[in-house]
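S.K.: Chains A and B supply the protein sequences, listed in that same order.
Using my numbering, you'd call the opening residue of the first sequence number 358 and step up by one each time.
Using my numbering, you'd call the opening residue of the second sequence number 358 and step up by one each time.
It is worth saying that the hints were derived from the structure and are not from the lab.
Treat the hints with care, since some could be wrong.
Any copy, or any two copies together, can satisfy a pair, since identical chains are not distinguished.
Keeping only pairs whose Cα atoms sit at most 30 Å apart, straight-line, the calculated DSSO-like set for lysine-lysine is [as the list claims (entries may be wrong)]:
#	residue 1	residue 2
1	Lys447	Lys432
2	Lys478	Lys542
3	Lys608	Lys555
4	Lys432	Lys404
5	Lys505	Lys621
6	Lys475	Lys604
7	Lys404	Lys542
8	Lys424	Lys555
9	Lys424	Lys394
10	Lys604	Lys478
11	Lys555	Lys447
12	Lys542	Lys424
13	Lys394	Lys608
14	Lys542	Lys444
15	Lys424	Lys568
16	Lys444	Lys608
17	Lys621	Lys424
18	Lys621	Lys395
19	Lys621	Lys432
20	Lys555	Lys449
21	Lys505	Lys629
22	Lys629	Lys475
Quick caveat, the model's predicted, so the values are computed rather than measured.
Listed below, chain by chain, are the residues.
There are 2 protein chains.
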Amino acid sequence: MRIVVDAMGSDRHPQPDVEGAVWAAREYGVEIVLVGKKDVVETELAKHDLMGLHVDLVHASQVIEMKEHPAAAAKSKKDASMVVGIKMLKQKQVDAFVSAGNSGGVLASALFYLGRIKGVKRPALSAVFPTRTGHCFMLDIGANTDCKPDYLLQFAIMGSVYAERVLGMANPRVAIVSNGEEEGKGSMLVQQTYPLLKASGLNFVGNAEGKDIPAGFADVIVTDGFTGNVIVKLSEGIASFLLGMIKEEIKSRTLASVGALLAKPAFEQVRKRLDYREYGGGPLLGVDGIVVVTHGRSDSLAIKNAIRVAKQAVEEGTLDALRSGIEQSLAVTSEE
Amino acid sequence: MRIVVDAMGSDRHPQPDVEGAVWAAREYGVEIVLVGKKDVVETELAKHDLMGLHVDLVHASQVIEMKEHPAAAAKSKKDASMVVGIKMLKQKQVDAFVSAGNSGGVLASALFYLGRIKGVKRPALSAVFPTRTGHCFMLDIGANTDCKPDYLLQFAIMGSVYAERVLGMANPRVAIVSNGEEEGKGSMLVQQTYPLLKASGLNFVGNAEGKDIPAGFADVIVTDGFTGNVIVKLSEGIASFLLGMIKEEIKSRTLASVGALLAKPAFEQVRKRLDYREYGGGPLLGVDGIVVVTHGRSDSLAIKNAIRVAKQAVEEGTLDALRSGIEQSLAVTSEE
Numbered sequence: 358m359r360i361v362v363d364a365m366g367s368d369r370h371p372q373p374d375v376e377g378a379v380w381a382a383r384e385y386g387v388e389i390v391l392v393g394k395k396d397v398v399e400t401e402l403a404k405h406d407l408m409g410l411h412v413d414l415v416h417a418s419q420v421i422e423m424k425e426h427p428a429a430a431a432k433s434k435k436d437a438s439m440v441v442g443i444k445m446l447k448q449k450q451v452d453a454f455v456s457a458g459n460s461g462g463v464l465a466s467a468l469f470y471l472g473r474i475k476g477v478k479r480p481a482l483s484a485v486f487p488t489r490t491g492h493c494f495m496l497d498i499g500a501n502t503d504c505k506p507d508y509l510l511q512f513a514i515m516g517s518v519y520a521e522r523v524l525g526m527a528n529p530r531v532a533i534v535s536n537g538e539e540e541g542k543g544s545m546l547v548q549q550t551y552p553l554l555k556a557s558g559l560n561f562v563g564n565a566e567g568k569d570i571p572a573g574f575a576d577v578i579v580t581d582g583f584t585g586n587v588i589v590k591l592s593e594g595i596a597s598f599l600l601g602m603i604k605e606e607i608k609s610r611t612l613a614s615v616g617a618l619l620a621k622p623a624f625e626q627v628r629k630r631l632d633y634r635e636y637g638g639g640p641l642l643g644v645d646g647i648v649v650v651t652h653g654r655s656d657s658l659a660i661k662n663a664i665r666v667a668k669q670a671v672e673e674g675t676l677d678a679l680r681s682g683i684e685q686s687l688a689v690t691s692e693e
Numbered sequence: 358m359r360i361v362v363d364a365m366g367s368d369r370h371p372q373p374d375v376e377g378a379v380w381a382a383r384e385y386g387v388e389i390v391l392v393g394k395k396d397v398v399e400t401e402l403a404k405h406d407l408m409g410l411h412v413d414l415v416h417a418s419q420v421i422e423m424k425e426h427p428a429a430a431a432k433s434k435k436d437a438s439m440v441v442g443i444k445m446l447k448q449k450q451v452d453a454f455v456s457a458g459n460s461g462g463v464l465a466s467a468l469f470y471l472g473r474i475k476g477v478k479r480p481a482l483s484a485v486f487p488t489r490t491g492h493c494f495m496l497d498i499g500a501n502t503d504c505k506p507d508y509l510l511q512f513a514i515m516g517s518v519y520a521e522r523v524l525g526m527a528n529p530r531v532a533i534v535s536n537g538e539e540e541g542k543g544s545m546l547v548q549q550t551y552p553l554l555k556a557s558g559l560n561f562v563g564n565a566e567g568k569d570i571p572a573g574f575a576d577v578i579v580t581d582g583f584t585g586n587v588i589v590k591l592s593e594g595i596a597s598f599l600l601g602m603i604k605e606e607i608k609s610r611t612l613a614s615v616g617a618l619l620a621k622p623a624f625e626q627v628r629k630r631l632d633y634r635e636y637g638g639g640p641l642l643g644v645d646g647i648v649v650v651t652h653g654r655s656d657s658l659a660i661k662n663a664i665r666v667a668k669q670a671v672e673e674g675t676l677d678a679l680r681s682g683i684e685q686s687l688a689v690t691s692e693e
């Protein structure tokens, strides 16, 4: 297994990207190809003991920055690290691509240079979330701001395949985000998508209201990229707000401070469960290859886990399963 | 000041509704009219000492339940408590209406029997939220699932007036929910609304991402009713998930349990800041009268605070301020 890692992806690149990749090479026994500016990546690599590891370096002279317009940058910067990495995946020189860079840039690069799985209308960005009962898998979290019902149906199909194969969820429960539980509640988009999901053969459990998501109501949460992005970022914001508020209140009270010291391991455990780094980012589902995008704020642990996710996705034959899921769905539609 | 309270509104009506109303009559010196089934409300009232208070009862034989279709119920149940209450407001027998009932039912009743402020395209449901720096005021949180740019502009105008008058926020910062900070990011709806907000003369501070809302980025958060509803319910869900997780982790550790006991006042303070009951529900902005809707799960404290909000809205001349805000905005548009 050979995985290409964007060495220029994370906000603090290349340090976390390189360190995480080396760590993954050691822990998972995968071959790593780092793609990025030769000199800076070499300097970073020199800090690590690579004995017995398979870590290569491919030079790419450009970087797509976080603030750049994704599609324009992916087109004009033909020697950007993520473009070079995606092209290697296209040419089957590697099995998967991992980046903590501009997610729109990865999406655009994948669309231009890798292409979509046959029949897929729109690829979707995804993420794994902690819930009261375990995890859920959400898509789209930002690739497609405005969606159509058939996009959401395909997100549900792809999410279901991924949840089953990679996350080990048997017969995953699929829900669509809405502003009411009952069938018939929701935006025009949700109301039009509902019957498609109901007829899809998926384990569709209906509308998920905002409160149902952290409660663990479903395994696969389908929504448009606008709503999904708001959900992901709001969740981060609220968690940080709440934990910050608890910390401040505790600090302002002497007895409470002593208490907090005793309760520290409990808090650590909570923080760990909420830590996006543990979940290893989400795949870009629908493109014709295994592409995993992780948070720009990723540290080496997050990068390492994103590589683990990519490896699992390859091992589980996710791409073929996605292909046949989409094919079956299109066959049903054309029969009608 | 005379406020009509839906005695059949909350999930556990009429107990919290009646108790909260009596409490408000005592604490704020307002006259209360309870509207609901005479016998059950009388039984409930008999439990309270009404000496020196002005609490009347108006009989209404029907109730709009939580699960009913709002518009159909508001039309067919002409003697429903909320319909009777709204009609009293229309006839100026009272200064404001408060209900913890089916919010769609209140909206439909208000649209049918009270009407809109002249020029208002759609009324919006609203809520006050705690943030890192204080509060923010969000609308629409569910009245209009699919919106148009001019609806959102009016929500911004009305939200701004309300935040200034009732919440005491000077020159309130207005933001629109989006999936990216920069101008140009967002759904078609957000992209089309942005220039309207920029040209509105409001203190428009741009796009608010999910994480920006609890961070206190803006005082007035404008969004469509679908997204707003997801935000409100997700926030509740995450807070309950997080606090529940902390509790469980602490319980599973002896030392941590001792610590939690010492830290209890700090936790209580956090819980209080997150408690929706403290904020007294949100007004239904854009209808031609002061209508306050509070959570179905309301207890008497929440009802009492909703009555406080209604009283403040009346005292601050909110309705006239809303009228002139909408008028000015329409004048600008027609000049162009």
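S.K.: Take the hints in turn and mark each one as holding or not.
M.R.: Here's how the hints hold up against the structure:
{"no.": "1", "hint": "Lys447 <-> Lys432", "verdict": "within (16 Å within a copy, 61 Å between copies)"}
{"no.": "2", "hint": "Lys478 <-> Lys542", "verdict": "both (26 Å within a copy, 22 Å between copies)"}
{"no.": "3", "hint": "Lys608 <-> Lys555", "verdict": "neither (51 Å within a copy, 41 Å between copies)"}
{"no.": "4", "hint": "Lys432 <-> Lys404", "verdict": "neither (34 Å within a copy, 74 Å between copies)"}
{"no.": "5", "hint": "Lys505 <-> Lys621", "verdict": "neither (47 Å within a copy, 48 Å between copies)"}
{"no.": "6", "hint": "Lys475 <-> Lys604", "verdict": "neither (50 Å within a copy, 48 Å between copies)"}
{"no.": "7", "hint": "Lys404 <-> Lys542", "verdict": "neither (56 Å within a copy, 40 Å between copies)"}
{"no.": "8", "hint": "Lys424 <-> Lys555", "verdict": "between (40 Å within a copy, 22 Å between copies)"}
{"no.": "9", "hint": "Lys424 <-> Lys394", "verdict": "within (19 Å within a copy, 60 Å between copies)"}
{"no.": "10", "hint": "Lys604 <-> Lys478", "verdict": "neither (46 Å within a copy, 44 Å between copies)"}
{"no.": "11", "hint": "Lys555 <-> Lys447", "verdict": "neither (35 Å within a copy, 44 Å between copies)"}
{"no.": "12", "hint": "Lys542 <-> Lys424", "verdict": "between (37 Å within a copy, 12 Å between copies)"}
{"no.": "13", "hint": "Lys394 <-> Lys608", "verdict": "neither (45 Å within a copy, 50 Å between copies)"}
{"no.": "14", "hint": "Lys542 <-> Lys444", "verdict": "between (43 Å within a copy, 28 Å between copies)"}
{"no.": "15", "hint": "Lys424 <-> Lys568", "verdict": "between (32 Å within a copy, 18 Å between copies)"}
{"no.": "16", "hint": "Lys444 <-> Lys608", "verdict": "neither (52 Å within a copy, 52 Å between copies)"}
{"no.": "17", "hint": "Lys621 <-> Lys424", "verdict": "neither (38 Å within a copy, 44 Å between copies)"}
{"no.": "18", "hint": "Lys621 <-> Lys395", "verdict": "neither (43 Å within a copy, 54 Å between copies)"}
{"no.": "19", "hint": "Lys621 <-> Lys432", "verdict": "neither (49 Å within a copy, 56 Å between copies)"}
{"no.": "20", "hint": "Lys555 <-> Lys449", "verdict": "neither (37 Å within a copy, 48 Å between copies)"}
{"no.": "21", "hint": "Lys505 <-> Lys629", "verdict": "neither (36 Å within a copy, 41 Å between copies)"}
{"no.": "22", "hint": "Lys629 <-> Lys475", "verdict": "neither (39 Å within a copy, 53 Å between copies)"}
Hints 3, 4, 5, 6, 7, 10, 11, 13, 16, 17, 18, 19, 20, 21 and 22 from the earlier list are contradicted by this structure; the remaining hints agree with it.
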